[in-house]
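Using the sequences and the hints, build the whole thing.
So the sequence lines, in the order shown, correspond to chains A and B. Here this note's numbering is used: the first residue of the first sequence is 55, the next is one more, and so on. Here this note's numbering is used: the first residue of the second sequence is 1370, the next is one more, and so on.
These aren't lab readings, by the way, just hints derived from the structure by calculation. A virtual CB, placed ideally from N, CA and C, is assigned to each residue, including glycine. Don't take each hint at face value.
[To be verified] Example chain A residues on the side facing chain B (calculated, C-beta under 7 angstroms, incomplete): (1) Ser104; (2) Leu109; (3) Leu110; (4) Thr133; (5) Arg136; (6) Leu137; (7) Phe142; (8) His148; (9) Tyr152; (10) Leu153; (11) Val162; (12) Lys164; (13) Leu165.
[Stated by the list, open to error] Calculated pairs, DSS-like style, for lysine-lysine (alpha carbon to alpha carbon, straight line, at most 30 angstroms): (14) B:Lys1640 x A:Lys164; (15) A:Lys164 x B:Lys1714; (16) A:Lys132 x A:Lys244; (17) A:Lys170 x B:Lys1381; (18) B:Lys1640 x A:Lys134; (19) A:Lys132 x A:Lys164.
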Amino acid sequence: MNDVLTMEQIEFQAQADQQPIVQHIDIALRPQEFVALTGPSGSGKSTLLSMAGALLQPTSGALSINQTDVLRLNSQEKTKLRLQDIGFIFQSAHLLPYLKTADQLRYVGKLAGLTKQTMDQRIQRLLHMLGLEHRQHHFPRHLSGGEQQRVAIARAWMNDPSLILADEPTASLDRERGEQVVQTLRDQVKESNKAAIMVTHDTRLFAYCDRVIYLDNGQIDHVEASVVP
Amino acid sequence: MFLAWRELTYAKLRFSLIGLVIFLLTVLVLSISGLAQGLASDNASSMQYMDKQAEKIVLEAEADKQLSRSALSDHDLEVLQDRPEAHLLSLRQGTAQSHGKEVDVAEMYMDLSSDLAPSLTDGELPADDTEAVIDHSAKDDGLRLGDTLERPGGTEVTISGFTENQRYSHTPVLHVRDSAWKQGELPISAVILDHALPEQVHDQLQNAEVMDIRASFEGIPGYTSEQTSLQTMIVFLFLISSIVLAAFYYIMTIQKLSQFGILKAIGATSKTLGISLILQVLLLTTVSIIVGVAVTAGMAAVLPAAIPFSLSLGTVLLLAGLFLFVALLGSLLSLVKVIRIDPLKAIGGGQA
Ligand SMILES: Nc1ncnc2c1ncn2[C@@H]1O[C@H](COP(=O)(O)OP(=O)(O)O)[C@@H](O)[C@H]1O
Ligand SMILES: [Mg+2]
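Okay, here's the thing in structure tokens:
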């Protein structure tokens, strides 16, 4: 099967005369793969994830998402790529305070130009999947932290992206909620044929992933295969 | 529209407050404009009427555009008086008496069979020297049809009719017949022209100045000072409106920077977000303006007659349009900010 994400010798340098922030990165991600990215603070995890998400242009190397050479796209094409092929989940849910749960999903569906029918079907399916049906007419302020993060996951899923990028998605959750959210992520990756990278410091969560990439000082230190419980 | 509308309804209090400010500013701007126009017409409606019917006015060169001070020379009158487009006009300000009551009037003489003749609300134009018509505002001084009035010069006339839009320098205009105007004894103040003079005629004038009738308004006592002070207020109100709106939207945008960053990261374009912002501003401003116009109209309807107030539809539309423009101008700063937001800010554990 074709790779969802391929990074070859990716390097990012903020300023020409400085040490690169990340370098020599080689990552290949196939569908159904769920990878953890870990390492000390400042080791370049977010920078790497930003490049994988077409938010930050690498200084050198090759990067493709679903066989599309990302480095050749203009900013409009990148926005479209993010909208259709990539789902982002952030440390905090970052929901729009004035949208009810169902509308959070509907908005990204609208951005992607989905038909009303497709949109309504997907919203119902996603809300059901994430156990949010009884919360669809609630504003974020009436949702618990875990529920908010699940809405953010549903939103990331809305346009059926093939690549999920999560930057410390459980940082604002308690342990139990965090594990629930990651379990959901894992289930989705396996069931819906996605690929996902999750940045995390929480070693307990490695068990949910297929591989753990250890980053240190901007380079891949080592990769461990994870034992699935 | 999806985002714009939902945010408006979600943060009702916040948006109502800014809506209230726009509404109040609209009412203030419209009231002051109404007052400015009301005062202008109380001061100059007779000249505004002439401006509608004719084009130019000839005044004595040294008169400073002031009709009551102008007296055309015999030579210049000779040049003008037999031309078909010329109508002689004289003005005398003074006090008339009726039933022992004094009424300040602006007495005018002109050919009442021309287009310049005032339109009547009731009665008829004077049939001979013993009759005169006066602006209907003189009814407030107790004047009725058939009443006898002692003119500023001392002769008596009977009021044969009332006119409309005939005020000059905040007094009613009294129109008398041509023969009642003792030619030679009182000067001819000006000549009204239906259209511009041929050049060779114009060149024969020795001590006269030809101008658009509108340009002579500033010679009416008080006109310029009233209008400029009110217009200065209006300009400042517009300035304040744009600054208030700009500040409000700028602060709101700054507070939402990370939100916009997230939206861009998940695939919203600057264009989508910009359109949403502009739609929101337009919606909020339009509704506030409409309410402001309605309330001003209601206020104008119950205003006592002594306060000169007049607002034309054209002015309301102009001011409303200007307000929308100013609102858009105010949101420009935020728009630039929104376009410049880097979606990268969303990733890497920032706060919402
Ligand atoms: N645009 C940039 N310019 C300069 N330094 C940067 C830039 N982006 C990131 N850095 C630096 O690179 C390092 C890695 O940052 P980051 O990827 O956020 O690390 P992590 O997410 O692993 O904590 C940090 O030291 C950060 O200060
Ligand atoms: Mg980070």
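Status of each hint after checking the structure:
1. Ser104: Cβ of serine 104 of chain A sits 5 angstroms from chain B, so the hint holds.
2. Leu109: Check passed: Cβ of leucine 109 of chain A comes within 5 angstroms of chain B, closer than 7 angstroms.
3. Leu110: 6 angstroms, holds
4. Thr133: Check passed: Cβ of threonine 133 of chain A comes within 5 angstroms of chain B, closer than 7 angstroms.
5. Arg136: This hint holds: arginine 136 of chain A lies near chain B, its Cβ roughly 5 angstroms from the closest one there, short of 7 angstroms.
6. Leu137: With a minimum Cβ separation of about 3 angstroms from chain B (threshold 7 angstroms), the hint on leucine 137 of chain A holds.
7. Phe142: 5 angstroms, holds
8. His148: This hint holds: histidine 148 of chain A lies near chain B, its Cβ roughly 4 angstroms from the closest one there, short of 7 angstroms.
9. Tyr152: Interface hint status for tyrosine 152 of chain A: holds (3 angstroms vs cutoff 7 angstroms).
10. Leu153: Leucine 153 of chain A check passes; min Cβ-Cβ to chain B is 6 angstroms, inside 7 angstroms.
11. Val162: 6 angstroms, holds
12. Lys164: 6 angstroms, holds
13. Leu165: 5 angstroms, holds
14. B:Lys1640 x A:Lys164: 14 angstroms, holds
15. A:Lys164 x B:Lys1714: Holds, at about 23 angstroms.
16. A:Lys132 x A:Lys244: 26 angstroms, holds
17. A:Lys170 x B:Lys1381: Given pair lysine 170 of chain A, lysine 1381 of chain B holds - Cα atoms ~28 angstroms apart, limit 30 angstroms.
18. B:Lys1640 x A:Lys134: Distance ~13 angstroms between lysine 1640 of chain B and lysine 134 of chain A Cα, so the pair holds.
19. A:Lys132 x A:Lys164: 18 angstroms, holds
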